[in-house]
Amino acid sequence: MIAYHWLKADMTAGHGDEPAWSIGEERTFRGKVVICQSGYHSSPTPFDALANAPGSMLTIVEIDKPVASESDKYVSRKRKLLAAVNVERELRQFAIDCAERALTQERKAGREPDPRSL
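When you read off a place in the sequence shown, starting at 1, and then add 19, the result is the number in the numbering used here.
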């Protein structure tokens with residue numbers, strides 16, 4: 020099953036003490052797999068995974084059948100890193116676009132945004 024996961028720029032996870040991942044590497048979690056606690060987490064879309072992103076490396080992963088899932092995340096025992104790309108620039112541009120839309124909406128509603136928000 021193909022899914023998405025975010026890593027830090029140095030290819031390490033957001034928490035824990037695992038070593039950096041390499042393209043093509045597969046790992047198996049040894050222990051109890053519990054969603055939001057332990058195991059290898061991923062999501063069905065990059066956007067779903069963004070809520071838990073520790074960094075700017077977007078990865079495409081192959082996972083075994085999820086042990087548990089929610090609408091926006093999976094947890095599995097195995098994960099293989101298929102590809103990774105640093106999308107820091109795109110994330111910054113997305114944030115700028117969101118902020119500009121919010122400022123435009125405030126002005127349309129007749130409110131001038133606080134200058135500190137610019």
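One should not assume that every hint holds.
Claimed, not checked - For lysine-lysine, the following DSSO-like pairs were computed, each having C-alpha atoms within a straight-line distance of at most 27 Å:
id : residue 1 : residue 2
1  : Lys127    : Lys27
2  : Lys92     : Lys127
3  : Lys84     : Lys99
4  : Lys51     : Lys27
5  : Lys27     : Lys84
6  : Lys27     : Lys92
7  : Lys84     : Lys97
8  : Lys127    : Lys84
9  : Lys127    : Lys99
10 : Lys51     : Lys127
11 : Lys97     : Lys127
Everything labelled a hint here was simulated from the structure, so no lab data went into it.
Each hint, compared with the structure:
1. Lys127 x Lys27: The given pair, whose Cα atoms are some 38 Å apart, is violated under the 27 Å limit.
2. Lys92 x Lys127: violated (36 Å)
3. Lys84 x Lys99: holds (13 Å)
4. Lys51 x Lys27: holds (25 Å)
5. Lys27 x Lys84: holds (25 Å)
6. Lys27 x Lys92: Between Lys27 and Lys92 the Cα gap is close to 18 Å, so the pair holds against 27 Å.
7. Lys84 x Lys97: Distance of about 9 Å is within 27 Å: holds.
8. Lys127 x Lys84: violated (48 Å)
9. Lys127 x Lys99: violated (47 Å)
10. Lys51 x Lys127: Violated, because 52 Å separates the two Cα atoms, which is more than 27 Å.
11. Lys97 x Lys127: Violated, at about 49 Å.
This entry does not satisfy hints 1, 2, 8, 9, 10, 11, going by the numbered hints stated previously.
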